[in-house]
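Undergrad: Listed below are the residues making up each chain.
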Amino acid sequence: MSENRLYPGLNLGATHGEAHEQAETTVFGFWVFLMSDLIIFGILFASYASYLDPMGMAGGPGPSDLFDIRSVAIQTAFLLIGGIAYAGVSLTLKYMQGRGKLIAWLIVCALLGAGFLFFEVKDFISAAGKGGTPQASGWLSSYWMLVGLHGLHVLSGILWILAMIVQIATRGVDDVVKVRLSMLGVFWHFLDLIWVGIFSFVFLVPLA
Amino acid sequence: MTKPNTGVLDPQESASSEIRSYATGFVVSLLLTVGAFAALLSDLPTAWKIGLICAAALLQIIAHLRNFLHLSLAKGQSEEDLLLVLFSVCLLAIMAGGTWYIMSDLSGRMHETSSSGAPVDQAPTR
Numbered sequence: 013m014s015e016n017r018l019y020p021g022l023n024l025g026a027t028h029g030e031a032h033e034q035a036e037t038t039v040f041g042f043w044v045f046l047m048s049d050l051i052i053f054g055i056l057f058a059s060y061a062s063y064l065d066p067m068g069m070a071g072g073p074g075p076s077d078l079f080d081i082r083s084v085a086i087q088t089a090f091l092l093i094g095g096i097a098y099a100g101v102s103l104t105l106k107y108m109q110g111r112g113k114l115i116a117w118l119i120v121c122a123l124l125g126a127g128f129l130f131f132e133v134k135d136f137i138s139a140a141g142k143g144g145t146p147q148a149s150g151w152l153s154s155y156w157m158l159v160g161l162h163g164l165h166v167l168s169g170i171l172w173i174l175a176m177i178v179q180i181a182t183r184g185v186d187d188v189v190k191v192r193l194s195m196l197g198v199f200w201h202f203l204d205l206i207w208v209g210i211f212s213f214v215f216l217v218p219l220a
Numbered sequence: 005m006t007k008p009n010t011g012v013l014d015p016q017e018s019a020s021s022e023i024r025s026y027a028t029g030f031v032v033s034l035l036l037t038v039g040a041f042a043a044l045l046s047d048l049p050t051a052w053k054i055g056l057i058c059a060a061a062l063l064q065i066i067a068h069l070r071n072f073l074h075l076s077l078a079k080g081q082s083e084e085d086l087l088l089v090l091f092s093v094c095l096l097a098i099m100a101g102g103t104w105y106i107m108s109d110l111s112g113r114m115h116e117t118s119s120s121g122a123p124v125d126q127a128p129t130r
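Chains as they are written, first to last, in this note's numbering: chain A, 13 to 220; chain B, 5 to 130.
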């Protein structure tokens, strides 16, 4: 590990000069935001765990009535592969392998994220159909809040990816775009990390 | 291993080591995810299942931090990032862990009778 790392995520490296230096403060600031996001998610996990008893479910539908383990597995696969696909973006950016390849990898990430969202929304709709609406019980309120907030993050990640594709196409891969792509990478991998907590503690533990 | 530390990196070499790091992270995450789902579908006792799922989640989070977010305890990592993560985890442990502990303790004390389904017969012995 002889390379000096200035910030989380795959660093651009010294060959990128100005952008590498610029990324240090900007990505660090973004990392501070993500850590505050982590606190929000952590608190929502704690309230979900607190509601996870017969009192919290208040006679409403429970985990075994609402959760579909196959759909959770599909969503996990989409997000895990979507996360690893961003490695393609980071490496293409770092070794300057061209605009087309960069955009292609970004599209792969966005499509996998969209696939994840499709199954998540489908699950939400089927849960609501079985009476699992947020107002049914405290446990369901915390479930919709936690998983819904993560879904919103994924949606904003997809919008961000689309915005970056437009920027790459119009202004090229300049220093500003490089820094923004570094931040997007940290964000995208962070969502993957939160999902590990969600599929384990929200879906698998109550079903065990 | 024994190459001179000139500060000049061979891009080809560093690219392949980065790809290897991502690939390791992916394989480890995949195995831990499949392991967690397999634990759920197995015939183990519930406590074992929960223990295995939690252990797999913890390990996978570490793998994500190391291989995808490139945070590590090694030298060469900027110290502020690591301190920020450790500080946030500390805050989270106090707030989320504290919330969970207090609420489960409270629920244990208040809903003892209703969760077991039977009223408590024995009167206080004092």
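In case anyone wonders, no lab produced these hints; they're calculated from the structure. Please read all numbers here as calculations on a predicted model, not as lab measurements. One should not assume that every hint holds.
[Stated by the list, open to error] Once the Cα atoms are required to be at most 35 Å apart in a straight line, the calculated DSBU-like pairs of lysine-lysine come out as:
#	chain 1	residue 1	chain 2	residue 2
1	B	Lys53	A	Lys142
2	A	Lys190	A	Lys113
3	A	Lys113	A	Lys142
4	B	Lys53	A	Lys134
[Stated by the list, open to error] Derived CB-CB ranges, DEER-like:
#	chain 1	residue 1	chain 2	residue 2	range
5	B	Leu48	A	Gly110	43 to 53 Å
6	A	Val188	B	Val38	20 to 30 Å
7	B	Leu86	A	Pro66	33 to 43 Å
8	B	Leu77	A	Leu164	46 to 56 Å
9	A	Asp77	B	Leu86	19 to 29 Å
10	B	Gly102	A	Arg111	42 to 52 Å
11	B	Ile23	A	Gly184	22 to 32 Å
12	A	Ala116	B	Ile106	47 to 57 Å
13	B	Ser18	A	Gly71	52 to 62 Å
14	B	Ser46	A	Gly29	46 to 56 Å
15	A	Ala116	B	His115	51 to 61 Å
16	B	Leu110	A	Gly112	31 to 41 Å
17	B	Leu110	A	Arg183	50 to 60 Å
[To be verified] With the C-beta cut set under 8 Å, the calculated list includes, among others, these residues of chain A facing chain B:
#	residue
18	Thr88
19	Gly110
20	Gly112
All residues carry an ideal CB built from backbone N, CA and C; glycine is no exception.
Undergrad: For every hint, state whether the structure bears it out.
TA: We went through each hint and held it up to the structure:
As the CA atoms of lysine 53 of chain B and lysine 142 of chain A are separated by approximately 27 Å, the hinted pair is consistent with the 35 Å bound. Note on lysine 190 of chain A and lysine 113 of chain A: the hinted pairing holds, with a Cα-Cα distance of about 14 Å set against a maximum of 35 Å. Among the hinted pairs, lysine 113 of chain A with lysine 142 of chain A is inconsistent with the structure: their alpha-carbon atoms are about 44 Å apart, more than 35 Å. Between lysine 53 of chain B and lysine 134 of chain A the alpha-carbon distance is near 27 Å, which keeps this suggested pair within the 35 Å criterion.
Taking the beta carbon of each, leucine 48 of chain B and glycine 110 of chain A are about 50 Å apart, inside 43 to 53 Å as hinted. In this structure the hint that valine 188 of chain A and valine 38 of chain B lie 20 to 30 Å apart at CB is violated, the actual value being about 40 Å. For the pair leucine 86 of chain B and proline 66 of chain A, the supplied restraint of 33 to 43 Å holds, since their beta-carbon distance comes to about 42 Å. For leucine 77 of chain B paired with leucine 164 of chain A, a C-beta distance near 33 Å fails the hint of 46 to 56 Å.
Judged by the Cβ atoms, the range 19 to 29 Å given for aspartate 77 of chain A and leucine 86 of chain B is violated: they are separated by roughly 43 Å. Between glycine 102 of chain B and arginine 111 of chain A the CB atoms are about 49 Å apart, so this pair conforms to the stated range of 42 to 52 Å. Checked against the hint of 22 to 32 Å, the pair isoleucine 23 of chain B and glycine 184 of chain A passes, with Cβ atoms roughly 25 Å apart. The beta-carbon spacing between alanine 116 of chain A and isoleucine 106 of chain B, approximately 50 Å, falls within the hinted interval of 47 to 57 Å.
Against the hinted window of 52 to 62 Å, the Cβ-Cβ separation of serine 18 of chain B and glycine 71 of chain A comes to about 59 Å, which satisfies the hint. At about 53 Å, the beta-carbon gap between serine 46 of chain B and glycine 29 of chain A stays in the expected band of 46 to 56 Å. Restraint check, alanine 116 of chain A to histidine 115 of chain B: a C-beta distance of roughly 55 Å satisfies the suggested window 51 to 61 Å. Range check, leucine 110 of chain B to glycine 112 of chain A: about 58 Å between beta-carbon atoms, so the 31 to 41 Å window is missed.
Roughly 56 Å separates the CB atoms of leucine 110 of chain B and arginine 183 of chain A, a value that falls within the hinted 50 to 60 Å. Below 8 Å, beta-carbon pairs count as interface contacts, and threonine 88 of chain A has one with chain B at about 6 Å; its hint therefore holds. The criterion of a C-beta within 8 Å of any C-beta in chain B is not met by glycine 110 of chain A, whose closest approach is roughly 15 Å, and the hint is violated. For glycine 112 of chain A, the shortest C-beta to C-beta distance to chain B is roughly 18 Å, which exceeds 8 Å, and the interface hint is violated.
Hint compliance for this structure: hints 3, 6, 8, 9, 16, 19, 20 are broken, all remaining hints hold.
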